[in-house]
Structure formats: structure tokens, C-alpha cells
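Each protein sequence line maps, in turn, to chains A and B.
Under the working numbering, the first sequence is numbered contiguously, ending at residue 361.
Under the working numbering, the second sequence is numbered contiguously, ending at residue 518.
Any given hint could be a false lead.
Distance ranges between label pairs, derived from CB positions [as the list claims (entries may be wrong)]: (1) Glu408/B / Trp328/A: 23 to 31 Å; (2) Gln104/B / Phe325/A: 39 to 47 Å; (3) Asn133/A / Ala461/B: 46 to 54 Å; (4) Phe268/A / Glu76/B: 50 to 58 Å.
If you are wondering where the hints come from, they were derived from the structure by calculation, not from laboratory data.
The model shown is predicted, which means the values in this text are computed figures rather than measured ones.
Built from N, CA and C at the ideal position, the CB exists for glycine as well.
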Amino acid sequence: MKKNTSKLLDVIFENLIWLLVAAGLIIFSSLSSSFRSPNNLASLLYRSAALGLLVLGQSFTMITGNFDLSSESGLGLTAMVAALALASADNGGLGWEVSPFVAIVLMIGVGLLIGLINGLLITRLKMNNLIVTIAMQMILRGLVYIISPGSTASFFPKAFDWLGGGTLFKIPLERGFFSFPVATLFVILIFVVSHIITRYTQFGRNMYAVGSNLTAAKDAGIDTDKIVRIVYLIDGLCMALAGLLAAGRLDSATPRTGAGLTFPVQAAAVIGGISMAGGRGNMIGALGGLMLWSILDNGLSIMKVSPFWIETSRGLILLFAVWLDAVKVKKVHQRSLIDILLQSTIGLKDKTIVKN
Amino acid sequence: MNTTEKVMERTPILSVEGVSKAFPGVQALTSVDFCVMDGEIHGLVGKNGAGKSTLMAILMGILEPNEGTIIIGDQQFHAMSPKEAIEKGIAYVPQHVAMMDSLTVAENILAGELPKTKSGFVNWKKVNSEAKERLDRLGLEMDVTKKVEGLGVAEQTMLAIAKALFGDAKLIILDEPTASLSRTDINRLFAFVKSLKDKGGSFIYISHHLEEVFEICDRVTVLRDGHIVGTADVAEIDVPKLIVMMVGEDVEDYTRESTCEDETVMVLNGLERRGYYENINLELHKGEIIGLTGLQGCGVEQLGKGLFGLEPRGIGEIILADKKFTAVRPIESFNQGLAYLPQDRYRYGLVGLRSVRENVTYPILNKLVRLMNLINGKEEKIIVNKYIGELDIKTPSQEQPARLLSGGNQQKVVFAKLASTQPSVLVLHEPTQGVDVRAKMDIFRIIDAMAAQGVAIIIISTEIRELIGVCDRILVMNDGRLTSEFKKGEKDMTPEKILAAIEGGKINE
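Please construct the entire structure, taking both the sequences and the accompanying hints into account.
Rendered as C-alpha cells:
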């Protein structure tokens, strides 16, 4: 009986994020009619789609016990590169006016290059991942300013904007239309794909092994450095896709595109249960973190809460999430410490786990 | 108890009476009486798991005994807190001293009480002169402006002892201080400790090097399986007697029939890694179990890791199953038929947070992945189930996080992982460490069964009795060379002879 309750508590603990998401949806829906309008609900993830892709990239790196603080600038650089190549000279571009396909390939190339550099610096030169990516954040943001004309580059082809700003269905409502943003669908889809990758592939499983116990992973024959390099490549790809979503939604790119997203990215990932200590959390949880973040943002602004309070509430949620993470880590440590004391130093202890 | 006149004049500085300590499932100490006199160096010896660490942990206030008393001076305690233990003057100097490495010797000595100038800045001149003066009083010569990370291991140990004395320590516990020292450093350390003894300091000296005990200690106490076997004056005892006291004769051993076949599986030819081992020649047969043993730091550990590719292997040739063994990384070793069980399963063997299932299949996932790198879950479950059954791993399910299993079952999970790679050679490093007696028997049965299937097995271990039970041959390594060989069935294969061979190299120096 007691065991069952503690198991139930564990399940609740693990899925807390979805309870919070549900609570947020219910509370804001009951408080505000514009929040619960179908269009608003469908666009919750639309506005934070670019953030979502960065959260995804961050989750990949964090599961292996690494960080990426450079992604906001990676988003900015890829968006700017595409904008310069796409926009006409009148609209702040270089006047090449390449096809959307070429622009997207270009962005992805830049993103992968950033990821490659991050990964190589961290695995080959054994540099600290936190500092490497902070440096990259500065370098990349500097590059954005260097290559940009200093102003906005805008007016891209429709096809380029489709993923970030397009809509899918148009269902007539009593007033106006209900339309479903492509970006929302895309974000959910790519999170689900990532979940499958991390959960059901060899690569995904090795990622968790690297994050939870690096030395044991090496002993089990895993090429840990390679895993980390691939993770940063994926992270780079995520930056490029985030750049695509951001530039597409706004139909423009400025030198400041993406600036200031680093901390929201961290926050959403941690709120979604991705552990700062590595090796724990999953992509669906991270999606929950992103949703809670968006709900809070959207709900509070619709209710005309002062932006200062919005910022404060974000901080409180983040504190709460980090506290949860700390509790989990502490639980693990306590258990393993007791285990080590009982079994290793003093030796000779067999706590047989009783089958039910 | 035999005591010389010299000791009789002295009063006990610390004694414990009737101390017992039980952990769930094991009696670590049983009514232990132990006493250290003022101004003596008291040796404490015993095998791994004899209860030395438990006893020391009680003296340091880390563990609370179930019964018994600790007497320091004229005060009686049931248990102490670590803080009390330090206040009573008990200090512990571990094998690897932890100090503020990037600070100077002087700063380490005066940490927390750095003299200040009038204006509140640190008075560096005074720091250095004061530190120098304190060291001089102990007769320890050392450059106080040198950073601690630049000191040798022996100097760091001496500095730690000195620091403990500045903190008014009366009894200093030295835990294997010589394990990684050269003979000259040992001499210097011993000279220093003896000079402190002459000034009235008391020491408990824990060591596996028995001849050192005779070199430096006044008396020696032997612990075995949580009992005090006896305390003796070193003048009235010799190494063989001490070994008999340590090993005892009441241990139940695992025995097996040899499954060794004629066919050679692996040949090591002149393996050498400078500073660790040299001229290693070894022929391993199908189904043979070889024991490799030696003192800490003799090179067996590096040899095991080197074979698997965790550390550089050095030069020399290895033939495995008629092919040249070229693996330099663990995954290549697995693929070429060599698997390795690391000593510390918590740190190296297991990914504790992940499930039993995942832990078993890490090295063989390559063979389980299908289209798009997706893992064939069904097949994986079948394989894992097979090993859970074969090795009798007690777990509620395959999905149980590995860290929540008991020590013995965790070790079986690591075995399952290795067995799943279907190796032809298996290198085991202390396979029975930290598992209970029953699980030990299980592990021996697993080793036995694998040998019967034709796997050649190398066991690197310091548990000599266990080695004698399972091994066809036991090789002793001394300072990086294989110096003696004992074969099953020969009458020389006794714990005493092997221990003597292990110690042997040191005596000859």
C-alpha cells in the first residue's frame, strides 16, 4: 500500500509539468475569453516556435551533460544570412534574391558549421562547454552586425515565410476564420521526432549514457566524444531552423533577431524537466516546458498584467523548476551514497529487492 | 597481551572496549578491544573487508557503534561526532592527501589564521616566517613558498601530518601512506614519523605492506572478519605468523574443476609500458582462469586497463584467437573479443540512472539496430531476459534503474553486459569487491560457467584465497614484472606462499 502511494507520487513528480500546463490552460481559460478562443490557443506555440527549436537544441546538449549558450546568436546569424541572400537591395538585402530553397540550404549550412565548431572545440580541445558557447554567442552576434547593413532586411518570398508564418486550414467561425499556424504543427512534430530519436535509437540511448556517467559510458564502448559532436551538430541544425521560423514569422531579420533568448531557452528546458546535471529528462517534457512558458506569457499579457510582473513570474517558475531538479538530484545522491557506504567501503551487503 | 617495559610505563591515549558495529546483513565489528599507548606507533593490519575502515570511521566519529565505549584520556564516549573526534586530538591522514593544491605550503599551514598587517592586509612576510618556524619545530625542512601541487606525495603526506599536529592532534591515523611511494621516500617519511614519535606523538599505522609494519611499528593488531585476532609486540612476531593471523583457516572457499583446454586463445609477447609494467609474456588457454595479483601500484591494474584500451598499452604484441589484437578503444576490444570488468562499478561499470536493460546492451546495440538507427526492442528484451535468467539477476523488471539493485546484482548486470558481447577473453578487476558472501558464490559460479564455455579469464585481484579457489594459475606481479607463478594442484599454492611472493620484491630491495 505504502509502496503504491510512493510510486504514484513518483509518477506525479515525473509528469508534474503536464499538470502545470493543464492548470495554466484551465486557469487562464476561465479567466479570459480571448485566451480560450481557438485562434489564440492554436497560436500559443506559434509565437514561441523559434524559442522552441532552441529549447530542443539545448535539450539535446543538456542530456549529454553539456550546455549551449550560443544558440540565440546562431539563430540571429542564420536568419541574417538568409535575409541578406533573399531580400532585394531596396529592402536591405544584398540583392542576390536567391530562391527560398537556396536560402534554407545556406542557413542549415551555417547552423551545422556553428555546431561543428562548438563540438570540435569541446571534444577535441577539451575546452569547457559553457565558456566555449558563451564566447560563440559573442562572436556570432558580432558577425551578425558585421555582415548586416545595420538595419532591417525584409520582404522575403512567400514560400520562405510559409513554415514560420503560414497557416494551414481556414475554417469559418461566427466571427472571422479559424486558421492553424504551420509553425505550431512543425514544432510539435519535430519534438515528437526528437523524442523518438532520443528514446528509441542507439544514438539516443548513448546520449543518456554519456550524460549520466561519462566514464561508464566509455567503458561500455561508447565513443563519447562522437556523441557530443553529433549532439552539437543537431543543436546547430536547430539554430538554423529556429532562424527560419523567426525570420519567416516576422518576414524580416534585424541584427537583434534572437537576442536575449538564451535565458528563456535555459528556463524552458529546465522547467520541462531536462536536468542541469545531465542524463535526465525527455523531449516531450521539454515541449511541456515550452508550452508552460508560452501559456504564462500569452495568458498574462492577455490579462493585461504588467510586463514587470510577467518577468517576475517567469523567474519564480524557473526557481521552482530548479528546485525540483535539485530535489531529484539530491534524492539520487542520497540513495547512492547510502548504497556505497553499505556495500562498498564496509563491503558485504546484499539488499535483495523483493519481488512485490 | 605482551607488552614490553617501555610500553608498560606509558598510559593509553585511546582505547575502545567491546565495540560492535552491524550493518544490515553484516556484522562489521564484533566486540572489538583495541588500545593505543601514548607515544607508540601501532600497526593495524587485516585483509580488505576485515573491519579496519569501520573501526577507523568509528574513531573519527563518522560511524556510531552499536555497542561499546571509546575512552580518550579519562573521558568515556559511546560515540563521537567528527567534530568531537578532532577536538579530542584524533586526526586522519588518508592515502591521497587532499590539500589546497594551488596555495603555498605556508598558506596551507596557516589557513584560516593568516597574520594581518595593521591595515588589514595579509602580512606575507610573517606568514612565511611563522610557517617556517612551525615546521622547524617538527624538524621538517620544506620550502614554505612552494605550491603544494609541486610537492611530492611523501612531502604532502608529511605536511598533512605536520598540519594535524599544529591542530593539536594527539593521535594520527596513517592510512596506507606508502602505497604510492618509492623506497627513498618511504625512508624519509618513516624517519619523520619516528622523530615525531620520539617527541611524544602517537600513530595508528594501517598498511598492507607487512614488512613496513615491522620496520616502523611498536605493536601490531590484527583484524579478521570484524574480530580482533590479537595484538603483539613486533619484536615477538614475524611475517609468516602475522600472515597466518590475517588469513585464518576458517574461511569457506569456492572450489571448481579446471576447464582448461590445450588450445591457446591469447598470447602476450613482451608487453611493456614504461613506469608501469615490462616484459609481460603470457599464454592463455581456452577455458583457463588466471589470477593476477600484487601490491597496489605494482602494475596489474594498468595491465588490465591497457589490454582493454582504457589506458595506453605501450609496446609489445598481442595475439587473440590467431589474429593480431589491435584494439585501442573499448568498443574495438569488445568487437575483437576481449571484455573488461572495471573495479569500481559505481563509477565505471554502470550507468546507474538507466535501466538494467539499457546497461546490458550498450556494447551490442550495433547488432540490435535496424532501419534509421532504431533499436529492435523485442529482440533486445529477449536477450536481456536470457541473461537475467542465466545469471539469476534479482530485479523487479528490466526497466529498474541499475543503481537500485543490490551490490551483487549490480555486479551481475555488469557481467551480463560483458557476456552479451560473447568474448573469448574476459579480464575481471576485483570482481567480488563490495558484494556479500552469497553473491560472491554466485559470481564465482558465473565465472566458472563462462570458463566452461571456453572463455579464457584473467582475474586481477588481491583476494588471494578467492584466487586460489577459482584459478588454474596465479601469477604474481612485482614492480611491473611477473615474478612468480603458482599452479593449481601444486602444494606451493597456499595463501602464505603467495602472500610472501607478493611481499617478496620489497624485501629484496
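inquiry  = Please list, smallest to largest, the hint numbers that this structure does not respect.
reply    = none
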